[in-house]
Amino acid sequence: MRAYITPFFSTQQTKRIQFGVYSLLRSFRQTEFLTLVPLSTLPHSLSVYKHRVIKSNCCLAGKPHPCSSPPLLSGALTVSTQNEKLWAYTQYLYDALGQRIRLKELVIYENKTLTYDALLLFREATMYEIVDSNHTCKKRPLKTNFQPLEIPKTAALLGQVVVGSSSGPGEGLLVNTWTGDLPDQGGKFMTTVTEFGCIPVSTVYHTEQFGWTVTSFFNNVIGISDPGQLNPPDFCADAEMKDSTEEPADFLSLFLKKH
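Mapping the sequence shown onto the UniProt record's numbering, position 85 (from 1) lands on 85, and the numbers just tick up by one.
Honestly, I wouldn't trust all of these hints.
[Said to hold, decoys possible] Straight-line C-alpha distance at most 30 Å; calculated DSBU-like pairs for lysine-lysine:
| id | residue 1 | residue 2 |
| --- | --- | --- |
| 1 | Lys104 | Lys143 |
| 2 | Lys112 | Lys242 |
| 3 | Lys63 | Lys104 |
| 4 | Lys112 | Lys138 |
| 5 | Lys242 | Lys104 |
| 6 | Lys188 | Lys104 |
| 7 | Lys153 | Lys112 |
| 8 | Lys139 | Lys63 |
| 9 | Lys242 | Lys139 |
| 10 | Lys143 | Lys63 |
[Unchecked claim] Pair by pair, the computed Cβ-Cβ distance ranges are:
| id | residue 1 | residue 2 | range |
| --- | --- | --- | --- |
| 11 | Leu158 | Gly197 | 33 to 43 Å |
| 12 | Met190 | Tyr109 | 37 to 47 Å |
| 13 | Val162 | Asn134 | 15 to 25 Å |
| 14 | Met190 | Ile222 | 18 to 28 Å |
Just so you know, these hints were derived from the structure itself, not from any lab.
Where is the CB? At the ideal position from N, CA and C, for every residue including glycine.
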């Protein structure tokens, strides 16, 4: 995007105004179009209509491509399902480098409020169900592959929009929405991530077993402030592996299971 000013004033004034215009361009780098208003905010020499601002109407961001979220993330999310009448608020830690996930849930299911704390260690094929209040721990097999937070290369772009407003700097968030097929679940998904950083915003997916499920991410932070939370607590050292006839747990099924 380029902005041209053709006024009738001094070279020094021209440089100051050009600097201001370029600052506006930078501040609106996440918006689709640029509008320069009002005239009252410009120098007096510009208010006599002896100038023109010519702008090109082009999208500032390039064509979106499938992306991967940062390998270390922490934050919160909510999950709600269509036919299971389940709602969950979860604090999460996500380590794609070590393939570890920690989930601390507050669940409302069938008018009952429950808590659930799980540590998933995919490289060790182990899941710990942790109860801090009485220092107990259940150790279960984790027979599924690690699913990174990413947009698959086979996904199709639905569109790019601004969440919030594009009228001023800091008022909106540029996001991309993708759709595709869920791996190994025979369903569809629609995922929204930020254009810059590929931070997850929301995911909607459908399976024959559970219907529609909505996951919304918020308060995301790149990095993990306490990496020790991704290691089993000391009181889990003596926990014995218990065989389970249930379906193997993963990042999604933990929210969809009946508590």
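In rising order, the numbers of the hints this structure does not comply with: Hint check: 3, 7, 8, 10, 11, 12 and 13 fail, others pass.
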